[in-house]
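Q: For the protein sequence lines, the chains are A and B, in the order given.
As numbered in my numbering, residues 1 to 246 make up the first sequence, in order.
As numbered in my numbering, residues 247 to 717 make up the second sequence, in order.
Be aware that one or more of the hints could be misleading.
As the list claims (entries may be wrong) - A partial selection of chain B residues facing chain A, derived with a Cβ cut-off under 10 angstroms:
id : residue
1  : Ala269
2  : Asp318
3  : Phe347
4  : Ala351
5  : Met477
6  : Gln479
7  : Thr485
8  : Ala487
9  : Leu489
10 : Ile491
11 : Ala520
12 : Gly523
13 : Ala638
14 : Ala639
As the list claims (entries may be wrong) - Take a look, some chain A residues computed to stay more than 10 angstroms from chain B by CB distance:
id : residue
15 : Tyr38
16 : Ile45
17 : Ser125
18 : Ser205
19 : Ile220
20 : Lys227
To be verified - Covered by chain B, per the in silico footprint, the following chain A stretches (three or more residues, Cβ under 8 angstroms):
id : segment
21 : 47-54
22 : 180-194
23 : 228-239
If you're looking for bench data, these hints aren't it; they were derived computationally from the structure.
Cβ coordinates follow ideal geometry from the N, Cα and C atoms, glycine included.
The lines below spell out each chain.
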Amino acid sequence: MQAAVFMIVSIPSGAQQLTATEIIRKADEKFNGELSGYSVMSMTIIRPTWERTVEFKSWSLEDDYALTLITAPAREKGQTFLKRGNEMWSWNPAISRLIKLPPSMMSQGWMGSDYTNDDILRESSVVNDYTHSVEGEEEIDGRLCHEIKLLAKDDADVLWGHQVWWVDKKEFIVLKAELYDEDGYLVRTERGTGLKTMDGRFIPSVIELVPAEEEGHKTILKIMEVKFNIELEESFFSQQNMKTIR
Amino acid sequence: MKDYQLAWRNLWRNRRRTLITAASVFFAVFFALVMRSFQLGTYEKMYRDVIESYTGYLQLQHTDYIDESSLDNGFIIDPELISMIEGDPNVTAVIPKLESFALAAAGSRTQGVMVIGMDPENEMKGLNIINRLVRYRLTPEAVEALKAESLPDRTGKLLDVFVNESFTDEASLISILGIGRPDTSDVLPLFRKHAAFKNGYLTSADSGYAVIGNGLSEYLHAGVGDTIVLMGQGYHGATAAGLYIIKGIVLMPQPEIDNRFVYLTLDDARYLYAAPGMATSAIISVRDTKEGDINMTRNRLGQITGDGLAIRTWKEMNALLLNQMEADNKSGAIMIGILYLVIAFGVFGTVLMMMAERRREFGMLVSIGMQKGKLAKVISMEMFLVGFLGVAAGVAGSLPIVFLGYARPLRFTGEMAKMYEDYGFDPVMPMLLPDTYYLWQVVIVLLILLIAITFSVRKIFKMNVINAVRA
C-alpha cells in the first residue's frame with residue numbers, strides 16, 4: 001500500500017517536473033550529441049562594410065575533444081583546429097605550422113567571427129559550471145519556452161557572468177540565449193531558427209550570433225549536415241590527424 | 247656734441263661697468279643661440295629622418311585611414327589618378343604601399359611586425375631604403391681578425407664594446423669606433439676585408455622574399471637565407487599566412503621601426519593579405535619641401551583626388567612625434583627664459599647701481615641747464631648701446647660655432663654614440679642655421695633693456711635736483 005502510494009506520487013508527470021539543470025542538460029545533449037557528433041556547417045560573418053562565408057566539417061567526442069577542418073573558401077581550405085580538453089591548436093598548411101593558441105588569443109573571434117576561441121573551448125561546460133534556475137516561461141517564435149537563468153559558479157573559469165536561455169518545452173531546443181559578462185552587461189544574443197529534423201533530431205539549423213556592442217555585426221551559422229553519436233576514438237583527435245585529415 | 251656721442255663717451259667713462267654688463271648679455275645670448283641652434287637642429291633632423299625613411303612629405307590615403315590605420319581602410323589604386331598626381335609640378339614620384347600588422351616567426355621565436363609592401367623600383371625613387379642596408383658587421387670572428395691587424399688603440403678597445411654591432415656606412419663606423427681622420431685610409435680597408443656583410447635587396451621580379459630590420463633579424467635569430475613565417479589577418483577577415491626567405495637586412499634609424507620592419511614586394515603583400523590591386527597609402531615624393539610648398543602641393547592634389555581619398559601632410563601623419571617635439575621645444579624655451587630672467591636681474595642690478603652712483607652727476611647736469619628729457623634720452627642711448635654690444639658679441643661668437651656645426655656636425659663616438667643610437671637618434675649634434683630664433687634673442691634683450699630704461703627715465707624725471715646735487 002505504502003509502496004503503491006509512493007509510486008503514484010513519484011510517477012514523472014511531464015517536463016514541468018524537470019529541474020532547471022536537467023532541462024539545460026537535455027538541451028545541451030540534444031544539440032551536441034551525448035557522446036559524439038559530426039557536422040558540416042557554413043559560417044557567414046557579416047560586418048557593416050563586408051561579408052564573408054567559411055565552410056567547415058567538425059568532429060566532436062564527449063565534451064573534451066573536437067576537430068574542425070575548413071573546406072571553403074579556397075584561401076582558407078585545409079586549415080584545421082584541434083581541441084583537447086582546455087587546449088587548442090591550429091594548423092595552417094600554407095606555412096606548415098602547428099600553433100598552440102595562447103590564452104591571450106581566447107577572446108579573439110574564431111576565423112574573424114563573433115564566435116570566440118573561448119566559446120569553442122568552453123561551450124560544453126554549461127551543465128557543470130553554472131547553477132540553473134527556472135525564471136518563468138515565454139513564447140519565442142510561437143513556441144512555448146522555459147526561461148532559465150544560468151549563473152556562473154564562483155569557482156568556475158568561465159567568461160560569462162550569467163546567461164539566460166529560452167528552451168523549448170517540448171523539444172528542448174535553445175531558441176534564444178542572452179550572454180552577459182561579469183558586470184551584468186549584455187554582450188551577445190543568440191537565436192536558433194530554421195527548425196528541422198536532422199539525423200532524427202528536431203534542432204535549429206540556423207544559429208545567429210549578434211554582438212550587443214557592435215553595430216551591424218553578426219555571425220550566422222548554418223548546419224548543412226549532422227550525424228549524432230558516430231564511431232569516434234580519442235586517438236582520432238591528434239596533431240597528426242590535424243595535418244592529414246581531408 | 248650729438249646725443250649719441252655723449253652716450254658713447256659716457257659708457258667708456260666707467261669701462262668696467264660697461265664691460266661687465268655687456269659681458270652678461272653676451273653670455274646669455276651666446277649660450278641661448280648655441281643651445282637653440284642645437285635643439286632646433288635636432289628636431290629638424292628627427293622630422294627629416296622619419297619623413298625620409300618612412301612617411302614621406304605627403305601621402306594619398308583613404309579618408310578614414312588617418313583615424314584608423316587598418317587594412318580595411320585601404321583603397322583600390324587607380325592608375326589614372328596616379329598619373330595625374332605624378333603630373334603635378336612639385337611631385338617627383340608616387341609610391342603606393344600596402345602596410346599591415348603580422349606576426350613573424352622563425353623557429354620558435356615570434357615578434358609582432360609591420361609588413362610594408364612596395365614595388366622596389368618605385369620605392370627607390372623616394373625612400374631609398376637601400377641606403378640602409380647593413381654593410382659591415384663586427385661578428386666575433388671579424389673582431390678577432392681585426393685585432394690581429396694593427397689598429398689605433400682607441401679603435402681596438404672599442405671593438406670589444408661593439409661586438410655584434412651592424413653598420414650601414416663608413417661614416418658611422420668612423421664615428422662610433424673613434425677612427426681619427428689621419429687613420430681612416432689605413433683602417434677602413436681592414437674593415438672592408440674582415441667585417442664586410444653579405445647582403446641583398448629586393449627586385450620587382452622577386453616573389454617569396456623579404457628584407458627585414460636588423461633588430462628583428464637579431465631577435466628572431468634569422469639571417470640572410472633563412473625563412474620566416476608571416477601570419478595575420480587579411481582584408482575583410484581573410485587569413486594571412488605565408489613563408490618568406492630573407493634576402494636582405496637593413497638597419498633603420500629608429501629602433502621601434504628597426505625591430506618590426508618587414509619589406510615585401512607590393513604583389514607579395516597583396517597576395518598575403520588578400521587585397522588585390524589595393525594600397526593602404528601612396529607616398530608622394532616632392533621636390534620643394536618648404537612648408538609653403540608642401541601646403542600648396544597638398545591643396546592642388548586635393549582638388550583631383552575626389553571623394554573617399556585625402557592627401558595628408560607629414561605633420562598630420564606624425565602628430566604624436568610633433569607633439570613630443572613641441573613639448574620638448576617648449577621646455578627648452580623655458581630654460582632659456584629662466585636664463586634670460588637671471589641676466590635681466592643682473593642688468594637691473596647694474597642699472598640701479600649706475601643710477602645711484604651718478605645721481606650727483608645728473609643733478610649737476612640738470613642744474614646747469616640740461617633738460618631732463620635730453621638727459622633721459624642720453625641715458626637710454628647708453629643702455630641700448632650696452633645691450634647691443636652684448637648682443638652683437640653674442641651673435642658674432644655663436645655664428646662660427648653654428649656654421650661649423652652645420653657644415654661638419656659633431657659626431658659622438660664610442661659609448662655616447664651607442665647610447666644615442668639606442669634611443670633612435672643619429673649620434674650627431676645637428677645645428678640649425680640662423681633663422682627667426684636669432685631675432686628672438688634680440689627681441690628679448692630689447693625687452694629687458696626697455697624695462698631697465700623705463701625705470702631709469704622715471705627716476706630722472708622724478709629727481710629732485712637740489713637733493714641730487716647734495717648726494
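Q: Evaluate each hint against the coordinates.
A: We went through each hint and held it up to the structure:
1. Ala269: violated, 64 angstroms
2. Asp318: Holds: closest Cβ of chain A sits about 7 angstroms from Asp318(B), inside 10 angstroms.
3. Phe347: With a minimum Cβ separation of about 13 angstroms from chain A (threshold 10 angstroms), the hint on Phe347(B) is violated.
4. Ala351: Because about 7 angstroms separates Ala351(B) from the closest Cβ in chain A, which is inside the 10 angstroms limit, the hint holds.
5. Met477: Nearest chain A Cβ about 7 angstroms off; hint holds.
6. Gln479: holds, 6 angstroms
7. Thr485: Since chain A brings a Cβ to about 5 angstroms from Thr485(B), closer than 10 angstroms, the hint holds.
8. Ala487: holds, 5 angstroms
9. Leu489: Hint on Leu489(B): holds, closest Cβ of chain A at ~5 angstroms, below 10 angstroms.
10. Ile491: Nearest chain A Cβ about 13 angstroms off; hint violated.
11. Ala520: Because about 6 angstroms separates Ala520(B) from the closest Cβ in chain A, which is inside the 10 angstroms limit, the hint holds.
12. Gly523: violated, 16 angstroms
13. Ala638: Violated. Min distance 64 angstroms.
14. Ala639: violated, 63 angstroms
15. Tyr38: Consistent with the label, Tyr38(A) stays out of reach of chain B, its closest Cβ about 24 angstroms off (over 10 angstroms).
16. Ile45: violated, 6 angstroms
17. Ser125: Holds, since 28 angstroms exceeds 10 angstroms.
18. Ser205: holds, 24 angstroms
19. Ile220: Ile220(A) clear of chain B: closest Cβ-Cβ about 14 angstroms, beyond 10 angstroms.
20. Lys227: holds, 28 angstroms
21. 47-54: holds (count 4)
22. 180-194: It is violated, with 0 qualifying residues against the three required.
23. 228-239: violated (count 0)
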